[in-house]
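Take these sequences, add in the hints, and give me the full structure.
The sequence shown: position 15 = 15 (full-length UniProt numbering), numbered continuously.
These aren't lab readings, by the way, just hints derived from the structure by calculation. Because the structure is a prediction, the values reported are computed rather than measured. The beta-carbon is built from N, C-alpha and C at its ideal position, and this holds for glycine as well. There may be inaccurate statements among the hints.
[Unchecked claim] With beta-carbon atoms standing in for the labels, derived distance ranges:
1. Glu15 / Arg62: 36 to 46 Å
2. Glu72 / Arg12: 17 to 27 Å
3. Val84 / Val55: 16 to 26 Å
4. Ile41 / Arg5: 20 to 30 Å
5. Pro20 / Leu92: 39 to 49 Å
6. Gly103 / Arg67: 28 to 38 Å
7. Gly103 / Arg62: 14 to 24 Å
8. Arg62 / Gln93: 17 to 27 Å
9. Asp29 / Ala56: 33 to 43 Å
10. Asp59 / Gln93: 30 to 40 Å
11. His7 / Asp59: 33 to 43 Å
12. Thr22 / Gly103: 38 to 48 Å
13. Pro44 / Arg12: 11 to 21 Å
14. Arg10 / Trp49: 27 to 37 Å
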Amino acid sequence: MHNPRLHWMRGRIDEGSGEPRTLEWIGIDDAGEPIARVVRILGPVRWGWRSYRAVARDDEARIIELRPSPPEGAGWLACVGGQVVGRAALPLQAVRTVEAALGG
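Here it is, written out as structure tokens:
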């Protein structure tokens with residue numbers, strides 16, 4: 001039996017870098033439930049010649065976001081539920097990885 005393809009919509013967006021960049025795509029089934037995600041791996045923050053692998057998320061630096069470098073050609077994670085099912089260089093490749101993992 002053929003599983004229907006997911007419906008994809010834009011999730012979180014990074015608006016701090018001038019042009020808005022999509023950070024996440026959400027895969028929704030026919031019932032409207034989100035069951036998969038394609039998430040951009042945010043690498044280190046570069047400022048001049050420096051590279052910061054940890055970034056404060058609040059003014060007091062109580063919440064820290066770790067920013068490791070993504071593997072070469074694998075800047076997007078393909079996730080089903082809470083499990084990573086693959087990595088890809090482009091979001092559409094990660095979408096296809098999710099759909100293949102779901103048998104679609």
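For each hint, the structure was consulted:
Our hint of 36 to 46 Å for Glu15 and Arg62 is violated, since their Cβ atoms are close to 23 Å apart. Taking the beta carbon of each, Glu72 and Arg12 are about 24 Å apart, inside 17 to 27 Å as hinted. For the pair Val84 and Val55, the supplied restraint of 16 to 26 Å holds, since their beta-carbon distance comes to about 22 Å. At about 24 Å, the CB distance of Ile41 to Arg5 agrees with the hint of 20 to 30 Å.
At roughly 18 Å, the beta-carbon separation of Pro20 and Leu92 lies outside the given 39 to 49 Å, and the hint is violated. As the Cβ distance of Gly103 to Arg67 is approximately 34 Å, the hint placing it in 28 to 38 Å holds. The hinted window of 14 to 24 Å between Gly103 and Arg62 is violated, with their beta carbons roughly 43 Å apart. Checked against the given bound of 17 to 27 Å, the beta carbons of Arg62 and Gln93, roughly 37 Å apart, lie outside it.
For Asp29 and Ala56, the hinted distance range of 33 to 43 Å is satisfied, since their beta carbons lie about 37 Å from each other. For Asp59 and Gln93, the hinted distance range of 30 to 40 Å is satisfied, since their beta carbons lie about 37 Å from each other. Taking the beta carbon of each, His7 and Asp59 are about 38 Å apart, inside 33 to 43 Å as hinted. The supplied range of 38 to 48 Å is broken by Thr22 and Gly103, whose beta-carbon atoms lie about 26 Å from each other.
For the hinted restraint 11 to 21 Å between Pro44 and Arg12, the CB-CB distance of approximately 19 Å keeps it satisfied. The given range of 27 to 37 Å is respected by Arg10 and Trp49, whose C-beta atoms sit roughly 33 Å from each other.
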